[in-house]
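**Q** Since the structure of chain A is already known, use the hints to place chains B and C on it.
Chains as they are written, first to last, in our numbering: chain A, 1 to 275; chain B, 1 to 267; chain C, 1 to 272.
Treat the hints with care, as some may be off.
[Claimed, not checked] Distance windows between CB atoms, simulated:
(1) C:V263 x B:G27: 15 to 23 Å
(2) A:D140 x C:G188: 22 to 30 Å
(3) A:P119 x B:R53: 52 to 60 Å
(4) C:G9 x B:I200: 35 to 43 Å
(5) C:E168 x B:N43: 34 to 42 Å
(6) B:A59 x C:P18: 54 to 62 Å
Keep in mind the hints are simulated off the structure, nothing from the lab. Using N, Cα and C, we set each Cβ at its ideal position, and we do this for glycine too.
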Amino acid sequence: MLRVRGLTKTYRSGDKALDGVDLDVPRGQLMALIGPSGAGKSTLIRCVNRLVEPTAGEVMVDGSPVTGLGGGALRAARRRMGMIFQEYALVERLTVMENVLSGRLGYVGFWASWMRRYPQADVDEAFRLIERCGLGGMHDKRADQLSGGQRQRVGICRALIQNPALLLVDEPTASLDPKTSRQVMRLLVELCAERNLAAIVNIHDVALAQMFVQRIVGLRAGRIVFDGAPDALSTETLTSIYGEEDWNASRPTEEDEEDEAQARAIATRLAAEAR
Amino acid sequence: MSATTTGRRWRPPPFIANPWLRLALYGGVALYLALALGTLQVNWGRVAEGLVRGWAFVAAFGSPDFTSRWAEIQEGMIESLTMTVVSTVLGVALSLPVGLGAARNLAPLPVYLVCRFIIAASRSFPEIIVAILFVKMFGFGPLAGMVTLAFATIGFMAKLLAEDLEDIDEAQVEAIRAAGASWPQMMVYAVQPQVLPRFIGLSVYRLDINFRESAVIGIVGAGGIGATLNTSFDRYEFGTSAAILILIIAIVMAAEYASGIIRKRLQ
Amino acid sequence: MPTIPLPSGHLAWRRRTPRAVLLRWFGWLLGVLLVVQCWEIMNADTIWEFVYDAPTQAGDLLGRMWPPRWSVLEKLWWPLWDTLNMATLGTALGVVLGVPVAFLAARTTTPSLAIARPIALLVIVSSRSINSLIWALLLVTVMGPGVLAGIIAIALRSIGFIGKLLYEALEETDPKQIEAITATGASGAQRIAYGFVPQIMPTFAGISVYRWDINIRESTVLGLVGAGGIGLQLNASVSRLAWPEVTVMFVAILCTVAVSEWVSARVRAAII
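Isolated chain A, as found in the complex (with noise of 0.2 Å):
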């Protein structure tokens, strides 16, 4: 499905965020990228949909090249990847329905959707994905009115009308509290078995992902320094991989995260209905 060959980013700093990454994700897999901040993860998601420009190397999507295209294709090439991002990316003054029918960009000429005007065909698609979702009736409050978990199942929605081959998910649980980051994972694999997607999911959390994932790739300075099963993840690897740390008394440092996380997303609750 996905086929990454030597991939290479060289920013203009000077900073050698990929060197040399091979991978392959096969259909069907949700595969999940961890690593220290700064290891490269956010880079090569999007190196694969060139919303970072690779300095070498080859990126295939169901046997056909990425890496090259220009203008058009591209574009037609994007359409097959969808794309959830961290902090959600949704257009914050634009309605649910119309985020979501945003993923289909790429399929409808500017006219149409600048006057709105989608094809019954993606309307309907939008409403189905809507309530699959749990996004029932809310197809048009404004994106800013939602909480964290919502928006993020908005940003879910907009990258499946898309009909991607493949997933690529930026840190989806970073924003959220523990409760609504396992909630927003499972959706995620539903989704991914009933579509038949491939997915790579970029993540921190470890515990999170080795709960929810097939596979699992370490990336460490640019380089993939592990791929295995979740269960073969061990004390060693882990430490290969984000450095020195005694992994089981980090029990309550991670804990102190969550709690972080969750004060900074009840914040954002507030922040929004204070609004």
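**A** Same frame as chain A, but now just chains B and C:
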């Protein structure tokens, strides 16, 4: 589940929810546009004739004439620049007491009302009308223009200063007061540091505005480059007009660049 | 914060070093000299007798302006309508021309950083540097007196204002929302329609209404140079020294400006 939603129409929610209000608003706008365009009196023959002259003017920008009226341009520019400097300094200096007086949290009510009246009076009229009055009072020349610009500067600066003063952080004032500071000490230690950087930045911005305005009030005889410009238009000397306009644009650009640097250094 | 050793062995604390103090004094001295010099040059030709006479003149003027001749009001309705139209149609035209300029000037949306952006920025600074009265002066010379010259003058001045504020807003848009729209495979025009337009809409509406308010104020005086509106009547009355009429016109202008300011404040409050 898909059966229940198939065929369900969707239209984006309208910008104005109430349909009657929406209709009234759109209808009102359409009616206004029809009336406005319908009553527009345009002498199209004269306009067509003007297109040729308009093209001559655009062409003049390609070859601006700095030389033939250089003496007048130079005199006008010097007048404009000196007017700008003096009026800004004078206006900013006078706006300090007025602005202090117009801050409700610092001034007693009678002082507040008087200062607010000064601000309102200065801001209500366009500069050029004030200039007409001052020219009547002081006679033709840059002094009338300078007084006009200084008067406008007072209103502009004092209003913004008063708003800043009303927004200051009370905690800092209390802390200094708690240290036993007198009123002047409080002003220097608690109030001035909070408002000064923005005040200086705004003064520089006002300098820029005053220069641009100084190019205008010459039209009614208040000195500056405006008079020279007006004459060049009257004589159809578009080369000279273009030269003056280019000089104005260049000076404004330079001033904006300089004020950008000054404001960056203040922060 | 420098400290200075004293002969007594204590450390004296000073806010600035002696050198900085000296420099500051020198700077102030230069500034004062500049202002004095400017004052001298400016007043080289001032006839001070007129200036000393100013209070008498002012009193005289006030005396002649009172009582206002209210009957002139009925001649003012038509010019006031013209004034409103110049401001409104001029703003509309300015918006139509200014929006594309803003998109060309913003780093985030410009098609070319090397060519389109500098040109758009030059258009903006030129439009902003030149007061609408000067634009009107130019247009009246070119196309003859009338409301049309006023409309175009207002529009030309508005391009820079709208262009500048809008391009700054475009550069401050949230890049994540744009990235998300790009990732769906949207075209360039669709990225603008879905990524940028919703984000700048409130700013855009606010800017337009604000500029309309300023334009009402400016169009009251455009008539002074022959571009129609109430300024035309004002000019006529001033040249005829018909001061009681001038008083009425001042009141009319004040009311128009006050109403437009009120409307603009209400609309902006409703938007935000």
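**Q** Per the hint of 35 to 43 Å, is the separation of the Cβ atoms of C:G9 and B:I200 within bounds?
**A** Given a distance of about 39 Å, which is inside 35 to 43 Å, the answer is holds.
**Q** Go ahead and decide if the range 15 to 23 Å is satisfied by the Cβ distance of C:V263 to B:G27.
**A** Holds, since C:V263 and B:G27 (Cβ atoms, about 18 Å apart) stay within the stated range.
**Q** Cβ-Cβ distance between C:E168 and B:N43: within 34 to 42 Å?
**A** At 39 Å between Cβs, range holds.
**Q** Would you say the C-beta atoms of A:P119 and B:R53 sit inside 52 to 60 Å of each other?
**A** At roughly 54 Å between Cβ atoms, B:R53 and A:P119 fall inside 52 to 60 Å, so the hint holds.
**Q** 22 to 30 Å was suggested as the range; check whether the CB atoms of A:D140 and C:G188 agree with it.
**A** Given range 22 to 30 Å: holds, Cβ gap about 28 Å.
**Q** Take the C-beta atom of B:A59 and the C-beta atom of C:P18, compute their distance, and say whether it sits inside 54 to 62 Å.
**A** holds, 60 Å
In this structure, every one of the numbered hints holds.
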